[in-house]
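Keeping their order, the protein sequence lines are chains W and G. Using this note's numbering, the letters of the first sequence correspond one by one to residues 1 to 109. Using this note's numbering, the letters of the second sequence correspond one by one to residues 110 to 217.
Hints listed in this document are in silico derivations from the structure and should not be mistaken for laboratory results. Be aware that one or more of the hints could be misleading.
Straight-line alpha carbon distances no greater than 20 Å define the calculated SDA-like cross-link-like pairs of lysine to any residue that follow [what the hints assert, rightly or not]:
hint, chain 1, residue 1, chain 2, residue 2
1, G, 193, W, 76
2, W, 42, W, 60
3, G, 193, W, 94
Some chain W residues judged to face chain G by a derived CB distance under 10 Å, without partners named [to be verified]:
hint, residue
4, 10
5, 32
6, 40
7, 54
8, 55
9, 72
10, 93
11, 97
12, 98
For every residue, glycine included, the Cβ atom is placed at its ideal position computed from N, Cα and C.
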Amino acid sequence: MATIFELLAIIIIIIATGFSIIGVIGFHRLPDVYSQLHATGKVGILGVVLLAIATAFVFPTEWGRVIILILLLLIGGPVAAHALASAAHRTGVPMQGAVRNDLDTQYRS
Amino acid sequence: MISTILNITIQAAFAIHALLIGYAIYRVWRGKDTIGRLLGVELVGTLTIAVLVLLALVQQNRLFIDVALGLGALGFISVIGFAKYTADQPQIAEHQFAEHQLIEQGGD
Chain W
1 MATIFELLAI
11 IIIIIATGFS
21 IIGVIGFHRL
31 PDVYSQLHAT
41 GKVGILGVVL
51 LAIATAFVFP
61 TEWGRVIILI
71 LLLLIGGPVA
81 AHALASAAHR
91 TGVPMQGAVR
101 NDLDTQYRS
Chain G
110 MISTILNITI
120 QAAFAIHALL
130 IGYAIYRVWR
140 GKDTIGRLLG
150 VELVGTLTIA
160 VLVLLALVQQ
170 NRLFIDVALG
180 LGALGFISVI
190 GFAKYTADQP
200 QIAEHQFAEH
210 QLIEQGGD
C-alpha cells in the first residue's frame, strides 16, 4: 500500500513541477501584465496544490494541515491576482494587442 | 527501490524550483514596470511555498508544512497591501512607466 502511495507521489510531483515550469515560461514570454497574471496563477493553484497532495501521500498523518494549506492557496491566489490586475488597470498599464477594452475610461483613479 | 526513485524525483523538483525562484528574483530586479515587479514578488512567494513543501519531503520533517502555512498567509497579505498602495498612489507606477516609455522611444 505504501508503494502505491509513493508511486502516486512520484507522478504528482512530476506533474506539479511541469506546471511550475510552464507558469514561469509564460511569465517570461507573455507580453503584458494581464496575461502574465494568467500564467503565474497556474504556479499557485496547480503547482503548489499538487505538491501538497504529494506530501500528504508520503506523510499520511498530515492530511489536516495539507488541506488547510490547499484552502489557503485556493482562496488567496485568485484574490491576490485580482488585486494585482486592479492595481495595474488603475495605474494605467496598457494592454498589448487588445482588440477591445470595455473598461478603458472607467475606474481610473 | 521505489523510495530511491522518489528521493531522486524530489531532489530534481527541488533543484528546478530553486532555479525558477532565481529567475523570478531576476525579474523583480530588472522588471519592465512596477506591477510586473510586484507580480515577480508574488511568484517568489508562491515558489518558496513549493520549496518549503519539498523541503518537508527531503528532510522527512513535518514542521516545514507549518512554516509553509505561515509564509502563505504572510505573502498573501503583503501582496494585497503592496497592490493597494500602488493603486492608491499612481504617481509611483506612472513615473516608472513613463521612464520605460521614454527609454523605448529613445531606442527607436
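Hint-by-hint comparison with the structure:
Taken as a hint, the residue 193 (chain G) and residue 76 (chain W) pair is honoured in the structure, with Cα atoms around 15 Å apart against an allowance of 20 Å. Taking the CA atoms of residue 42 (chain W) and residue 60 (chain W), the gap is about 26 Å. The hint is violated against a cut of 20 Å. This hinted pair checks out: residue 193 (chain G) and residue 94 (chain W) have alpha carbons roughly 19 Å apart, not beyond 20 Å. Checking residue 10 (chain W) against chain G: minimum C-beta separation of about 5 Å stays under 10 Å; hint holds.
Interface restraint check: residue 32 (chain W) against chain G, minimum CB-CB distance 9 Å, threshold 10 Å, status holds. Proximity of residue 40 (chain W) to chain G holds as hinted, the smallest CB-CB distance being about 5 Å (cut-off 10 Å). Interface restraint check for residue 54 (chain W): the shortest CB-CB distance to chain G comes to about 8 Å, inside 10 Å, so the restraint holds. The restraint placing residue 55 (chain W) at the interface with chain G holds, with a minimum CB-CB distance near 5 Å, inside the 10 Å limit.
Interface hint at residue 72 (chain W): satisfied, since its Cβ lies 5 Å from the closest Cβ of chain G, which is below the 10 Å cut-off. Hint on residue 93 (chain W) holds. Least Cβ distance to chain G is approximately 6 Å, under the 10 Å limit. Proximity of residue 97 (chain W) to chain G is violated relative to the hint, the smallest CB-CB distance being about 16 Å (cut-off 10 Å). Contact between residue 98 (chain W) and chain G, as hinted, is not supported at the beta carbon level, the nearest pair being about 16 Å apart and thus beyond 10 Å.
When each numbered hint is compared with the structure, violations occur for hints 2, 11, 12.
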